[in-house]
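Here the protein sequences line up with chains A and B, keeping their order. With the working numbering, letter number 38 in the first sequence gets 38, and the count goes up by one each step, no holes. With the working numbering, letter number 396 in the second sequence gets 1396, and the count goes up by one each step, no holes.
In case anyone wonders, no lab produced these hints; they're calculated from the structure. Any given hint could be a false lead.
Restricting the straight-line Cα-Cα distance to at most 27 Å, the calculated cross-link-like pairs of lysine-lysine (BS3-like) are [as the list claims (entries may be wrong)]: (1) A:Lys196 x B:Lys1355; (2) B:Lys1098 x B:Lys1420; (3) B:Lys1383 x A:Lys79; (4) B:Lys1420 x A:Lys79; (5) B:Lys1335 x A:Lys79.
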Amino acid sequence: MNYESVIGLEVHAQLATTTKIFCGCSAEFGGDPNTHVCPVCLGLPGALPVLNQNVVELAIRVALSAGCTIQPRSRFLRKNYFYPDLPKGYQISQFQSNEEMPLATGGGVDVPTADGGRKTIRLTRIHMEEDAGKSIHQEVFVAAGESLVDVNRCGVPLIEIVSEPDLSTSEEAFHYLTSLHQLLVYTGVSEGDMEKGHMRIDANVSIRPVGETQLGTKVEIKNVNSFRNCQRAIESEIQRQIDLLETGGEIEQATMLYDPDRNILRAMRTKEESDDYRYFPDPDLVPLVVDNAWVERVQSQIPELPEDKRERFAEVYDISGDQIDVLTADRDIADYFEAAVAAGAQSRLAANWIQGDVMRVLNDRKIAVGDLRVSAEYLAELIGLIDKGDISTSIARTVFDDMVETGESASSIVEKKGLVQISDAGELDGVIDQIIADNPEEVERFKGGDQKLMGFFMGQLMRATKGQANPQKASQLLREKLG
Amino acid sequence: MADDSVFSAQTARGLVQGIRRGTHTAREITEEIFAHIHNTNPDINAFITIDEEGAFKAADAVDQKAAEGQVLGLLAGIPIALKDVLCTKGLRTTCASKILDNFIPPYDATVVTRLRQADAIILGKLNMDEFAMGSSSENSHFGAVKNPRDQTRVTGGSSGGSAAAIAAGQALMTLGSDTGGSVRLPASFCGVVGLKPTYGRVSRYGLIAYASSLDQIGPFARTVEDAATLLGVIAGHDPRDSTSAHVPVPDYLLACQRGVDGLTIGLPTEFFGEGLQSDVRNAVMQGVEVLEKNGASIREVSLPTAGHPAFAIAAYYIVATAEASSNLSRYDGVKYGFRDEAENLIDMYVQTRSKGFGAEVKRRIMLGTYALSAGYYDAYYRKAQQVRTLIRRDFDRAFESCDLLASPVSPTPAFKLGEKLDDPLQMYLSDIYTVSVNLAGIPGISVPCGTSTEGLPIGLQLLGNTFSEETILSASAVVERELAS
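Just chain A, same shape as in the assembly (with noise of 0.2 Å):
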């Protein structure tokens, strides 16, 4: 028998404010426990939610760059249950039913298929919420029997994307939240930090018999935090539930949580113990209304989005597809790129060099493009000092390195360093001639039909220059004089 899987993927992602969604404390992540609360987010008696006006726009720019419908009206409403981490007893959410809108529904984010073709995954819905806190359960509390509670994250914002379930594999899970990662971040609605759990995913897997319009028994994977994890953790599931099927048994729906340490799920809850979380409208918080004055002046203020940006640079920049996806694929490197070229750079060449050296800096360092002392214009002046002749590409890169620690531009690096490049058939004759001279032994091996040894005359050449010479010129004036 041959299964497919059908899979629908639930993501909460942490967006970018300053402060928590019904409260002016900080949004930060850590910080000492219990220090970024206040009545509101503690639930405190008597306390009351205010609703953040930057949450909604946040959530409304996601949702119209995802293609979704912005409800013109829709409320918060109460998902009651009872844990540590969450003071007040009850989450504040949004739901969808026949009587509930959440903020946002429909929608769509595109990924590749097997085939090399692009489907495209729609979206359910797009809510807001507030996070609950952290409950530590470490070893030395625990043998003390007890555990603690930081509320410093509960009231974070946060919003949930709901796909339907239309993935078919786990590289198409994995793409969708690669792409809804890019997305988020491209669209400054999250940093997108997977180490601080800005986004955590929610997995229901299922499998049916090819062909089989109905959909099997699903099963729930809790809270994994990272893509490949995912993948990994549907991947278990599908065979766990084709193994189970194969071997006569039913698939339960359960709840289970992926230990990415040993590649196992483990099983949660089952149907039975499952919350009734009686949801009811909030009544401390008014409807939210959006109008359409409100949508447009947010949809003209999303910057280009990925798929935009790669087909423009694809029409105005001469540089490889492959260049364009890792140039694109964040949104500062792609202004940067932009900028260098803007200043005068060629566009193949400083391609080359963001992806190169750029990159190789950023991620040694562990810095953004922002934070590099190497401005656009700076690493076009560079370019364009290759590109004249002025000096050799290794030497160059020897001036990078520079700039990167000194802040200063390539042409007053190359001046107080006397770096440019010597291509001057004069002063390189004398040198040549001096090392013809020098090596009598190599010199006739080399008319003997030696011809390695033109690295060893480069060698010495490059040594006697201090690597200023350039080197197609040396090349030609070498041959020339040794025949």
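With chain A fixed as given, assemble chain B onto it according to the hints.
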């Protein structure tokens, strides 16, 4: 209270003027009133927490300001006490519950901040039905409040301490909260003035929530004028409360002078039907006649849904308990308040809440949880909210032809302590004339209008359309003036 006491006959305004002129000091007033409280509270049990240190500190600050000739707040030196449902920074706030027995809020409710800014002297926190759930102020972890007019009887609830403190002269003004009648009922039973403002008129930030879409903080006082003054101080939009209204605050004190000439007052037929004790009816009609004599015209109106006890009470007890079941989830022993130690999390939750909450609170949490649960939400909560819309429409329609509505506050005057404790449904029926008002969000007052054959106080309920507190106060002042003797 002694007749020669420094403020036995004065209104708040007079008292503040006296401080400005130096006739008396805030400290003198505060000393005198604490002496009286210590004398009377063991019997009345209106106070849960008495804060002499805080009160004297505030009094001295007021006297200092007065001595320096600084501008004094509207309530300078006025002794005020607060229902223990309002958060007071650094001062224990219990909601009359064991589960908050040791809770000390780190912040002030917005209304408390406004009182402090007005230089009021906060004496302490007042007894109530636990978590504002009750109609008699007997459901308290700290014992029942006794009616100063007859200590064998209840004060009404849930703001029983707030009404009793006024009636016993333990404070010049108090604040209570009204979710289904909890200001108006005790005001009626104790013979004082109690007002429930329009929903959204007064900020709920810092009001420990019972039913979020119904709760409002309301002023109690001996006179309509003082209630109006207090309302003026606490009313107004608050950015910390998303449900507070962007409606400017008028001069409520001035409104007390306006009279009722030309106003139309409606009597809802359904509120004068069976079950209404005859001496209550008579006292209420006495009040209505006063209004007519002073230029108002009286007519009958019908409130078919709002006036139907089954619909109004049922809708209220579903909506209120549903919201309460969620609002009270935070009392779980994890962060503050009482915690019963246990071997695991579930046991901790169950034991803490079972031991920490009283019977009536547990009853309502269970009712509310049921009404919201899967499979029942549509039949109960959703349906109740739809009935609520019909109730609101009843009042909208009535106010097309009337400026105010007049009715009793409750079918009977204050009943005996313990009389209704065994029959929760009987207790709930005390609210038949008051709950629909909260469901509709409109304002209402209870102003004394007579006594029962046994000499117990009876209140006249006046209702107005949203944000018509001025009209309500005008009419109340007329009733008070004529029936003051």
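Status of the hints after comparison with the structure:
no.	hint	result
1	A:Lys196 x B:Lys1355	violated (40 Å)
2	B:Lys1098 x B:Lys1420	holds (22 Å)
3	B:Lys1383 x A:Lys79	holds (20 Å)
4	B:Lys1420 x A:Lys79	violated (36 Å)
5	B:Lys1335 x A:Lys79	holds (20 Å)
In this structure, the hints that do not hold are numbers 1 and 4, in rising order.
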